[in-house]
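A.B. asks: Produce the entire structure from the sequences given, and follow the hints as far as they go.
Number of protein chains: 2
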Amino acid sequence: MLDALFKPRSVAVIGASTKEYSIGNTVIKNLQHFGFTGPIYPINPKAAEICGLKVYKSLLDIPGPVDSAQIAIPNRLVPAAVEECGKKGVKSVIINTSGFSELGEEGIRLQKEILAHARHYGMRVMGPNCQGIINTDPAVRAYCDFTFTYPEPGYISIVALSGGVGGLIMQALFDLGIGMRMYASNGNACDVSIAEIVKYWGDDDGCRAIIVYTEGFSNPKEFLEAARTVAHKKPVLGMKAGRTESGAQAASSHTGSLASVDTSTELIFEKTGILSFQDEAEMVRASMAFASQPIPKGNRVGIITNTGGPAVIATDALVAGGLQLAKLSAKSTAKLKEVQYPEASLGNPLDLMATGGPAQWQNALEVLMEDDGVDCISINAVTPLYVDVVANAKVIADASRLGKKPIVMNFMTDSTVKRFREAQKILQEGGVPCYPNPSEAARALTELYKYSRLQARDIGQPEVFAGVDVAKAKAIIADAQKAGRTILPATDVYSIFEAFGIPVAPWKVVSNAAEAVAAADAIGYPVVVKVESEKISHKSDMGGVFINLKDAAAVRSAVEDMGNRLSSYGELKYFIQKFLPGGLELIVGSTVSRNLGHLVMFGLGGIYVEVLKDVIFKVTPVTKVEAQEMLSSLKTAALLDGVRGKKGVDKNRVIDIIQRVSYLLTELPVIQEMDINPLMAFEDAVYALDGRIRI
Amino acid sequence: MLDALFKPRSVAVIGASTKEYSIGNTVIKNLQHFGFTGPIYPINPKAAEICGLKVYKSLLDIPGPVDSAQIAIPNRLVPAAVEECGKKGVKSVIINTSGFSELGEEGIRLQKEILAHARHYGMRVMGPNCQGIINTDPAVRAYCDFTFTYPEPGYISIVALSGGVGGLIMQALFDLGIGMRMYASNGNACDVSIAEIVKYWGDDDGCRAIIVYTEGFSNPKEFLEAARTVAHKKPVLGMKAGRTESGAQAASSHTGSLASVDTSTELIFEKTGILSFQDEAEMVRASMAFASQPIPKGNRVGIITNTGGPAVIATDALVAGGLQLAKLSAKSTAKLKEVQYPEASLGNPLDLMATGGPAQWQNALEVLMEDDGVDCISINAVTPLYVDVVANAKVIADASRLGKKPIVMNFMTDSTVKRFREAQKILQEGGVPCYPNPSEAARALTELYKYSRLQARDIGQPEVFAGVDVAKAKAIIADAQKAGRTILPATDVYSIFEAFGIPVAPWKVVSNAAEAVAAADAIGYPVVVKVESEKISHKSDMGGVFINLKDAAAVRSAVEDMGNRLSSYGELKYFIQKFLPGGLELIVGSTVSRNLGHLVMFGLGGIYVEVLKDVIFKVTPVTKVEAQEMLSSLKTAALLDGVRGKKGVDKNRVIDIIQRVSYLLTELPVIQEMDINPLMAFEDAVYALDGRIRI
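Heads up: the sequence lines are chains A and B, in that order.
All residue numbers for the first sequence refer to my numbering, where the first residue is 1 and numbers rise by one.
All residue numbers for the second sequence refer to my numbering, where the first residue is 1 and numbers rise by one.
No false leads were mixed into what you were given.
One copy or two, either will do: identical chains are not told apart, so a pair holds if it fits within one copy or between any two.
Pairs of lysine-lysine, BS3-like flavour, derived with a Cα cap of 30 Å:
| id | residue 1 | residue 2 |
| --- | --- | --- |
| 1 | LYS651 | LYS472 |
| 2 | LYS19 | LYS418 |
| 3 | LYS624 | LYS297 |
| 4 | LYS539 | LYS647 |
| 5 | LYS450 | LYS234 |
Simulated from the structure, these hints should not be mistaken for laboratory data.
C.D. replies: Right, dumping it as structure tokens:
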């Protein structure tokens, strides 16, 4: 529970200052200006009064209890101050001071000291090197932060790794004229994490949507768990910066994180149902719609406009975002005809013409609200001088207040004209999300629709497979570890696959030509013969692989040939496997993602992965729904169903294998890398033809 | 020349009115309010005075000459008014009245009548059903329009098919606090076209960038020619709405155009070097940068920031847009060290820290301006309370005034604070394009870079090929026309290909088995044999195709078999062709685009075209540079160079064939559709293996 942090009943400011623009001065002024509902205790050994408040020489002099202490003193003095907070019984501290883990060894040491004190006294720490928190709740009005934007109460809460970005998002909401619920920027995040804050806001009934800005997570698993719970309850809008290599480097230089492109954050967003954005302005605009509008029940949109072109632009953007234009019922059209002007265009977009007044707007809105074939409403409106735009605005605001179907509005006006401003205010009070541009308005609506799909999506639980011999696989790995191997030999790889029920083309390892022929006879021709020796790593290049051997003579000759040529490598073994050409080559692979576990990769092999990079990643454990998504979201998905007279492949079996690979990785976390390449898929069977495991 | 329209020395308003908000009243007020520099003549048979101006009963009563007449009277009265304008010697008319071609037959008739009068008297017509024009030039100040946004003089001119979109773009520029040069929305465009306006602005030295909004062109060729000239002189920013099928339908319902997705407009943008946008707000933001900043000479960007996260976001967007982070020289780093604070981060992004004052900003800007490894500058700046943001703004504005390298700025501030507003004003006056969001600022800069590439791109002239026998091809087509054929037989198709120097796999048409064997012997085995009969359209399905015939016996048996089985179809012929498997299957095709000519399509055949839709279109005539672009812009371009041990193909030959197809289409405009599928490409040769021509 983070109540003491976000809903403090009293705040002490350690490092309170009389110096204008200093943090210790600004925080006090902000608390006062914002109307903090509890007592503010400035702490300063020298001053007597700051901002008209009595100053305490020490925290311990404060008569009452302190929920939250804000610390803005030089970094070396912070650990002692935190310890004193503990002694006083303070519940949470916000440390604005910088110069900790972001500044090398000495800073890391100081930060550890802080954390140790906090743990000892059961205190929570926000920061260090952070901005702090804001809570606009009229019962609290806590502005424990040194920024200077004063938001109105609202429904959107913002948490940002970067105070700069957090501040600009807060400012953007302010500029849009919509309120904010709570704000947090937690800097070095030595204790309170973004995950915890998101979870806390998930339970905050006053918060309707959460904005998360990050450049990666130090504990992605914790965030994954938190986001999974919260994103089903309310929309979480996420943006991860540092997507490009240069961007990741830029991020690392200001946060001290590792400089590598982290793809897992966006995979976490996807897995947990977070709406992912690449543009902060787009995210803010979408949040405005979430703050006041209901989630649509489907993708059928009705467009009302009083101007031509902007509705065309909106249509393009709506359709591109997955919505489709609703077909109005005959009843709807009849009702429209009763009230609309004869020159109006009664299709969808429904063009009321610039002359449309309140009667026409009310009729149009009523009709779309009542038509069961319409899930949401997109409005494009200019403000002609000759119509009563204020009355029109009232009609639209009233429709929005019904909360029946989401409305998003592109309001094109000149706000230097008084009555247009008045209309704007009415729309705002009615909770109508208004955007000056048709594309932007339309895209905000498509985000509401996307969230309706995310909410409906249940990825389910990972399957647990019967008949899997985990112990056997673990024993094979333990042996390999004992032997100091990092790359497992083919026999181990195939045995592990088989232990997890991953079908492998029939195979046997033999020592000589006679055994090879016997094995090939048993497996059935044609076969592949490969040399097996720990000393030979690039078999193909050494003439150690023979494919499509059609009879015993060919097998014998291949083994004898290798035996002679490669005898200098010591004792050789031979790997005999069924040759299975003609299927569709797939690839299933995996890599470890720092602090998160494994990612599973799936795609088509050969040129598809090499040229088109057409592969899909998911975070383990991968559920059946997710495995299905991996198949269907390939650009080349149609090839799995068969094209140009070619038969499709057994997709259910592929989906099963992806899940088994995920299960394998979860049970054998020591695996650093693995792949099945190719996984050869046929209409009625799927086989691993080659595989690799690195531990 | 459109001077009388855009720079009228006198304006008459036919349909001048005393009624507030009527067009005939608003236009007069707008001219007055905007400070039109010439006389305004209200025409109204009844009123004596309107807006304090003397009213004329008839145009012919006006004492002086009239450059432009604005017409806002009922549609039926317009033709007579236009005729009277002709008699008076008016040079151009703007017709606001609607109810013409957009409203069916009677309207079309009236519009034709107007045009006839105009042609007779040598007058130019803007509209009908249009908003009109605005010219902010202090020497003119013409507001011949009934909208209500009053732009300051500036450098961006806007032309829009839709007045609604034109108005919102004008408003967006106004809201950004930047000026506008000229504005035009020409509605039904019975005479003056968007192409003419763009061409006119191309010669207007006061115009630095042109914004074009359209939903398609009635005369795309005219626009193509105009854009080609202008886009090399100054940036033209274009947006084409109605990209989706629903969008095209929405466009058709308000403009009466054909409801089909028109892909050619964006191909024209591409061919002529117009910057294409899908988002009007994005286009407006980019125009702001073009209005004041020079074009970068390369793609190396230096980032200056005083906050962490926003620079990370900017980096992502800059890199995604094709820019790369400049590596600062050792000299630059040394110079930075002299002035920057020790906690500053002297890489790229160059983080001056929030505490950076005018000395630090000036030093950073100087260093980046002087470093030859930097082509453009991206700034992210917050406005901390404790620094002199006004002084910082002055330094940045001064750097922008140098006009040496483009600067684009993400300015994150609270404009309710007076000194922040002051800083904003200083930046604006210095021509620094400021955007509140890092992504948006960065993308504006990437548009400057994109234009630098478009400006440098010279597609050259289409090649004229020697040795092409156009006459022969025309004769074949003439014969087919005479015979009433629309689909040409294979022999005609191949003969036409050969006449244009498009290599066809060796072939011969024969009548019987003996001739077939002789032909196959001459061509060389293996061969393909196909039955030829106008009565048989689906040869494969009828057993009329035999591939990979390896000797004379096989050819004889195939021909005899078909002769027996298909004898009921009358006299049969047989098409013998060299069998050439194993190459890379390409496809070159073409379709006719309404009023524009042909589009040429190129891609890889088979699954690439069917599943991946990986094809590129260009408008004919296709130059060598464009043909090269068609190859390189395929997603699967790497396959042309060879992958996985497969050899690449003879790209020069493919590029040559694409140009020859383009030449063929230009010379034979009667062709409605053609394709070469497959065009089989090898390392050292390329052959058309099958083709189709529809006339």
